[in-house]
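J.: Two independent chains are provided; combine them into the complex using the hints.
The residues making up each chain are set out below.
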Amino acid sequence: MSEQQETPNPLDPFDTWTAMRDAGLKSWTAMRDANLEALSKMLIDLVNSEAYSQATSQWLDTYLTLSQPFQRVIETTMTQALTRLNMPVRTEVISLAERLTNVEMRLDDLDAKLDDIQRAIKALAASNRAADTPAEAKEIH
Amino acid sequence: MLSSSLPAIPAALESELRQIEENTRTLLRVSTSHARVAQTPKQVIWTLNKARLYHYIPVVPAEQRHKVPLLLVFALMNRPYILDLRPGNSFVEYMVKQGYDVYLLDWGAPGPEDKGLKFDDYVLDYLTRAIRKLKAVSGSDELSVLGWCIGAILTTIYAALRPDDGLKNLLLLTAPLDFTDKTAGGFVRWVNDQYFDPDKIIEAFGNMPGELIDYGAKALKPVENYIGSYLTLWDNLDNPRIVESWHAMNTWVTDLIPMAGATYKQLIGELYRENRLIEGRMIIRGERVDLRRIRANLLNVIALADHISPPCQSESIMTNVSSTDQLLLKVKGGHIGMMAGSGALKYTWPHIDSWLAARSD
Chain A
5 MSEQQETPNP
15 LDPFDTWTAM
25 RDAGLKSWTA
35 MRDANLEALS
45 KMLIDLVNSE
55 AYSQATSQWL
65 DTYLTLSQPF
75 QRVIETTMTQ
85 ALTRLNMPVR
95 TEVISLAERL
105 TNVEMRLDDL
115 DAKLDDIQRA
125 IKALAASNRA
135 ADTPAEAKEI
145 H
Chain B
150 MLSSSLPAIP
160 AALESELRQI
170 EENTRTLLRV
180 STSHARVAQT
190 PKQVIWTLNK
200 ARLYHYIPVV
210 PAEQRHKVPL
220 LLVFALMNRP
230 YILDLRPGNS
240 FVEYMVKQGY
250 DVYLLDWGAP
260 GPEDKGLKFD
270 DYVLDYLTRA
280 IRKLKAVSGS
290 DELSVLGWCI
300 GAILTTIYAA
310 LRPDDGLKNL
320 LLLTAPLDFT
330 DKTAGGFVRW
340 VNDQYFDPDK
350 IIEAFGNMPG
360 ELIDYGAKAL
370 KPVENYIGSY
380 LTLWDNLDNP
390 RIVESWHAMN
400 TWVTDLIPMA
410 GATYKQLIGE
420 LYRENRLIEG
430 RMIIRGERVD
440 LRRIRANLLN
450 VIALADHISP
460 PCQSESIMTN
470 VSSTDQLLLK
480 VKGGHIGMMA
490 GSGALKYTWP
500 HIDSWLAARS
510 D
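Going line by line, the protein sequences match chains A and B.
In case it helps, my numbering puts the first sequence at residues 5 to 145.
In case it helps, my numbering puts the second sequence at residues 150 to 510.
Pulled out of the complex, with its shape left as it was, chain B reads as follows (with noise of 0.2 Å):
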């Protein structure tokens, strides 16, 4: 007995310490490099200063795909491919294989010279633009808008602005509209007046840095962003899935680009402390954003678990525009992993598909 178990040692130390090299290898390589990401083919159709107007090379024959085009708005402090992470996990190609001709606004990073811009200049330079040349390559007068985060903001004010520019369908994720609750999340409290000085960040910097704005956002849950992250990945190393889907994840979110620095005092200042927006006390270039202007198809999704929009700040759109066909769609997940995470293609990207696709035809 001895005997049969003893040529099994070296063998079974020789595996274990084969499995710790490579466990070493793939923690080195997902620390140390980027990840293969957004790979959706798509083509440059636009560009405006730092803007990128993407569109996706459609896999579906044009008469089976929707009438209706839909573009896609990120935030403006993060990159875009969040929406298109990698193969299997990217929502743009989900969209695709459904039969919508689908463009992406990619906002791209701000340098010293855009330290000026302002929501204003967004919604009415860069939107307004990027939507009439997406009506020209797509030969359709109605699209459909989705707005995710910072750019579910800037949607919402295009679409109270120029509600008979061909909005058909406005899809708004995660939306922080309404900053009526002070206490709600830890956003609110930091930019308080009281102790906050926004003006003074960007005298000092031009633009919200984007080491500060990353800072903010994973301050607000420390002990997952700084150690419950890399447990995962240290816990799974010896699951190619898992370790492929963090490396992607890591590789968006250590991406960091800054926001321009008048674009975050009116953040700041005119919604999250004097909440203009949901008030309809916003002036866009001398026009007040009235919310009630708004008529399109309205789809809000909200997620449970988010603590960077809590859903409070999003819910009460609902009641402030004048769509008649609106719905309210809770989804399990946080900020970024209802659109992005494991679970986005079960419990998000489905019922964004079967409500959209109803509406765009």
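Okay, chain A solo, but in the shape it has when bound (with noise of 0.2 Å):
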């Protein structure tokens, strides 16, 4: 079965396109593939070179340095327009944000504290209830 479907038809014109599509496919996955690793040898080199950290870092350097005086006009027309529209300005909302981890922090220490208690009324609790039992067993009999 699988060998009739290997070999193509030679008077089926869509079986003889198939195979030849096939036979086409594989051996430009092989080229491609064989292409693609020695770029990616050469890319790997590439971005391991001291020449591409320079080139990077500078390009990074350029690109906030140009964008930064932007940015900085951005920030102060939001927080004059947000002031004059008696909204919150970003730093205010991060100001409450912190302010809310701080409570946050509060209320972990007293769940700690609160487990702690809970841990020793149970581990009171078991020591009675040892202490108890001989006496029950008195009792009883």
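These are calculated hints, taken from the structure and not from any lab test.
Be aware that one or more of the hints could be misleading.
[What the hints assert, rightly or not] To give an idea of the chain B side of the interface with chain A (calculated C-beta under 7 Å), a few residues:
(1) Leu162
(2) Ala285
(3) Ser289
(4) Val372
(5) Tyr375
(6) Arg430
(7) Ile432
Here a beta-carbon is modelled for each residue, glycine too, at the ideal position from N, C-alpha and C.
T.: Shown next as structure tokens:
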């Protein structure tokens, strides 16, 4: 069955085309993979080079230097606009979020203390039970 | 013969067209949607700021379960559900089935208000508190902690600062701890202080943007990450197993989160450049991180093909700790593939389980 499928029917144009396409794709894939492997090795060497480190760092530095003045203008404009609209500005929201985290930490401290108390009560109850057991046993007998 | 072959032409053509249509649909679906990930049943037992501590619902009866609970700590700049990617390919699911009481600490995505968070805060405020809650919920005074990548840095610092806090087993995966070799891997070269200025990035963005971290990780192997990954999908569009696996992994890879600005500066300055941790010069809130204080049983797992944390960055911890029970395990695979790839179930997880099982009762 499989052999029948692999051998194209010469009188079936579609079958012949399929076989040709499969063979073409197979060789193209092999060629593609070989080329990509070579390209990969070359690019890995490139990105590990000193020149690449220098180039990307310089590109990033230039981008940050050029974008910073615009960023400052946007920030200042937004702060002024929000203040005029009687809306909280970014720094105020950030400050509020930080305060919330501090409140969460205090709650976590309380939670820790409650866990400690709960554990102590359980331990006490267990030791009381252990102390009571012989007495109860005596009463029964 | 001709007549017998003629009717087959439209049927074969139809089948070909159907296949092309199906492949196109699959391609569109996996490239434009998110896979269903992190499906192992769990509940949130603790939160602080963006951090969450999850407890996975045990499937093994209590009397058959290992006594020592296991806490998983992943890196700060990616989502931790890589440890619970999808059913059948989930380390969490595997460990729950092996009878462990599993917890996972999700750091969350830092916002602008978190730009000042440092390793100090993550270790002493977040990790320490999460461990306290874990102990309260599990009822165990001892625990095992597994740290992966930056998570391994955090757990190592914790293990050194709090050696008497019940840490029984410390498992480190692809841990970038030793930066003595300044030629090992692209990251070490890129963050060379001669050219790279992390302060300027953080001043501009507040936090280190996820996109920049992602670019850095992918650029280490540009062909594999930018072309090879998609070709793998293209070549296997008719294989549902590979397609679904690719979809889940792509969902994780594209789910980017930033890294707190102060932590990033600390990572580059104090670790990559000054190598303070392994040299015993790192100070966390006034306390020196002395690795010799680590006495917990230590399993150090290294990926042989790791290009993000090359093996030389992880190996030397073995001689810097006081743990008498320690094992260095070298496994097949890369930084992520080692734990989440198709070979993880065969080459990594069983080794972790067998080592940990012997030390968890």
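J.: Confirm or reject each hint.
T.: Right, here's what the structure says about each hint:
1. The restraint placing Leu162/B at the interface with chain A holds, with a minimum CB-CB distance near 6 Å, inside the 7 Å limit.
2. At a threshold of 7 Å, the smallest CB-CB gap from Ala285/B to chain A is about 4 Å, leaving the interface hint in force.
3. With its C-beta approaching chain A no nearer than about 12 Å, Ser289/B sits outside the 7 Å limit, and its interface hint is violated.
4. With 7 Å as the threshold, the beta carbon of Val372/B comes within range of chain A, its nearest partner Cβ sitting at about 4 Å, so the hint holds.
5. For the restraint placing Tyr375/B at the interface with chain A, the shortest Cβ-Cβ distance is roughly 10 Å, beyond the 7 Å limit, so the hint is violated.
6. With its C-beta approaching chain A no nearer than about 25 Å, Arg430/B sits outside the 7 Å limit, and its interface hint is violated.
7. For Ile432/B, the interface hint is violated, since its Cβ never comes within 7 Å of a Cβ in chain A; the closest pair sits about 22 Å apart.
Consistency with the previously given hints fails for numbers 3, 5, 6, 7, ordered from lowest to highest.
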